[in-house]
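Each chain, letter by letter, is given below.
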Amino acid sequence: MSAAAEDVVTEAPAVEAVPKRAMTLGLGTSLVVLAALVLAPLFVKNFIIFQMTMLLIYGLAVLALNILTGGSGQFSLGQSAFYAVGAYTSAILMEHFGMNYALTLPIAGIICFGFGFVFGQPALRLSGVYLALATFALAVAMPQLLKLNFFEHWTGGVQGLVVTKPDAPFGLSMSQDMWLYYFTLVIAIGIYIASVNLLKSRSGRAFMAIRDNEIAASAMGVDVALYKTLAFGVSAGITGVAGGLGAIAVQFVAPDSYTITLAISLFLGMVVGGVGWLPGSIVGSAFIIFVPNMAEHISKGLSGAVFGVLLFLVIFLVPHGARQVAIVAQQMLGKLTKR
Amino acid sequence: MSTIKKLAVLSAAFGVLAASSSSVFAQKKYDPGASDTEIKIGNIMPYSGPASAYGVIGKTEEAYFKKINAEGGINGRKINFISYDDGYSPPKTVEQARKLVESDEALIVFNPLGTPPNTAIQKYLNSKKVPQLFVATGATKWNDPKNFPWTMGWQPNYQSETVIYAKYILKNFPNAKIGILYQNDDYGKDYLKGFKDGLGAKAASMIVAEESYEVSQPTIDSHIVKLKASGADVFMNITTPKFAAQAIKKNAEVGWKPTHFLNNVSASIGAVMKPAGFEASQGIISSAYLKDTSDPQWKDDAGMKAFDEFLTKYFPEGNRIDGNVIYGYTAAQGLVHVLKACGDNLTRENVMKQAANIKGLELGGLLPGIKVNTSPTDFAPISQVQLQKFKGEAWELFGEVLSGDVGG
Chain V
1365 MSAAAEDVVT
1375 EAPAVEAVPK
1385 RAMTLGLGTS
1395 LVVLAALVLA
1405 PLFVKNFIIF
1415 QMTMLLIYGL
1425 AVLALNILTG
1435 GSGQFSLGQS
1445 AFYAVGAYTS
1455 AILMEHFGMN
1465 YALTLPIAGI
1475 ICFGFGFVFG
1485 QPALRLSGVY
1495 LALATFALAV
1505 AMPQLLKLNF
1515 FEHWTGGVQG
1525 LVVTKPDAPF
1535 GLSMSQDMWL
1545 YYFTLVIAIG
1555 IYIASVNLLK
1565 SRSGRAFMAI
1575 RDNEIAASAM
1585 GVDVALYKTL
1595 AFGVSAGITG
1605 VAGGLGAIAV
1615 QFVAPDSYTI
1625 TLAISLFLGM
1635 VVGGVGWLPG
1645 SIVGSAFIIF
1655 VPNMAEHISK
1665 GLSGAVFGVL
1675 LFLVIFLVPH
1685 GARQVAIVAQ
1695 QMLGKLTKR
Chain R
11 MSTIKKLAVL
21 SAAFGVLAAS
31 SSSVFAQKKY
41 DPGASDTEIK
51 IGNIMPYSGP
61 ASAYGVIGKT
71 EEAYFKKINA
81 EGGINGRKIN
91 FISYDDGYSP
101 PKTVEQARKL
111 VESDEALIVF
121 NPLGTPPNTA
131 IQKYLNSKKV
141 PQLFVATGAT
151 KWNDPKNFPW
161 TMGWQPNYQS
171 ETVIYAKYIL
181 KNFPNAKIGI
191 LYQNDDYGKD
201 YLKGFKDGLG
211 AKAASMIVAE
221 ESYEVSQPTI
231 DSHIVKLKAS
241 GADVFMNITT
251 PKFAAQAIKK
261 NAEVGWKPTH
271 FLNNVSASIG
281 AVMKPAGFEA
291 SQGIISSAYL
301 KDTSDPQWKD
311 DAGMKAFDEF
321 LTKYFPEGNR
331 IDGNVIYGYT
341 AAQGLVHVLK
351 ACGDNLTREN
361 VMKQAANIKG
371 LELGGLLPGI
381 KVNTSPTDFA
391 PISQVQLQKF
401 KGEAWELFGE
411 VLSGDVGG
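From first to last, the protein sequence lines stand for chains V and R. Counting in this note's numbering, the first sequence tops out at residue 1703, every number present. Counting in this note's numbering, the second sequence tops out at residue 418, every number present.
There are no misleading hints in this set.
Straight line, CA to CA, 25 Å or less: simulated SDA-like cross-link-like pairs of lysine to any residue:
no., chain 1, residue 1, chain 2, residue 2
1, R, Lys-109, V, Ala-1404
2, R, Lys-77, R, Arg-358
3, R, Lys-109, V, Ala-1669
4, R, Lys-236, V, Phe-1514
5, V, Lys-1529, V, Glu-1459
6, R, Lys-138, V, Ile-1653
7, R, Lys-259, R, Pro-306
Derived by calculation from the structure, the hints in this document are not laboratory data.
Could you put the whole structure together from the sequences, leaning on the hints where they help?
And the structure:
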């Protein structure tokens, strides 16, 4: 009985080992995607630009979870809590202290990094489903913490805080939405490149060694405790920046925005995008933003059920998510070019 | 060119200008979303998620507009009702509101539900000058025409309701010891504030116990036990239907018999009193502005007959005793009144102008004597309620129609 339980605890999490070269896109593909992201807003309505901004923001949050789960093999259902802390940090600094929106983001990132690092300490003792549950608790508690009377002066309590949307600087004749999109895009690219480099670095190798086999990693001299908490910190930090950007784009923060549903959506985005495949984050993000809209279009009363069916189909047909699709596409392309 | 010629040209130019502008005035005027054949009405509802029970409101409204269209529409124009799901999540509400305004180009956003979702889109809609008309929330802040001229409330707000209870308590139970139970969210806190404001300086001495609960809690039994132990003899019950029924039941079980004030949100016979037991519900005081559809006293009422006819013909799947159905029905009637008043001038500005000039409008779902009234400085359409006491198996209205307007 106890042996069986121990087995579950010590067993490596059910994350498939991803070789680090397979974690990114080739240079050519990256440039094509980048060009599409830069040029697209010039041809579409402001509303679509707003949706694309949200796509990038959720993409960042999914990327952060991907580093944690795909990189270091730790589960988290508590990302909504870090997202909320980032969002509230930005909103409070902007509205109560009149700080520039761009400056609030690094602060949100640093605070969330600290928050994640501290939370990573108890997480050291837990793994697999147990860790998922512990982080789940964090996500459930967060909306209520934000409502506490004690913080109400700063957080606006249940009423939330309204945030002012920034105008384009330097007198650029660009709509607020477009400016915010490019601003988000630059940050997203920066974080993406940094994340790719992180996973290719010594620290990244340590993360993956822990993911693949914790005991072997410690035998190789990897400081397991440090790197596990570090992964939590980095993931929380990036999520915090995404949260801050989200607050600016949506112009409003309230406890109801950051419930457990958000954490599960992010987790879902990661699985759909392909665990451990960083470019998949944006595909996963697209899934969690657009598929519910499609489901609603099919049936209003049963939108949840339709969404469930679509999700089931994706997981059943392509269990490795967008990564699998990308690999198949690459192989087909390879065959075509050989011919 | 001589001066006379110049003048002649000038006057001719003015003449042409005047003629063209007068012909413009004579024409029908439209903003995006309105045309000779249709009026696009946007709406956002939580069809999924924790507040999905309210989604019925959107479905009722859709059915009601179907009825209006079948009967020829409004001044010959059909209503195209576009309703989206936001799952009660404010970021999603913003996305859907932008979709309605920028992609679907709806004329107005009508009756979006919930305080946090509406707060999230208020600034956006006001900056776009799109009416956020008759919002489905009882928060007090929607009556603020000075700062938000494009946002208008609908139902009596929470604060004014508890102000009325507080005044009643001060008058009839000046030495009351009050115990309060409230839901720990925007709705509960708004009610609580109104109640304390209504008691004024005596609030601190009269309130002996304050208990709050979270929506996610399965039961509130322990709070009732604590309130009983505090020795309170007046119970202000600020809870949503499920918890209200629990509280009434638990009160009877532990033998606590205070004068029980129940907020209007839960004053439903079908959803609260019946499940809690009629015996335990005797003597509860509440207030109302809509007719309770499960109350037999409205059986032969003309407004209720029209409502029943609508249900059988256009919304047979609707649950008659669900208070949300008659709520949506009444709100949709309010909108139809405004759109009819707009005539052929279907601009967003005129919609707000007409909405702000409703005088003494009576609707079939409202209690007799309660009228919809607005003015350019009063953006709280329904602000009257009547007190009622539970007797036998029905509510018995007593006293006059009361008004408790609180500005935002």
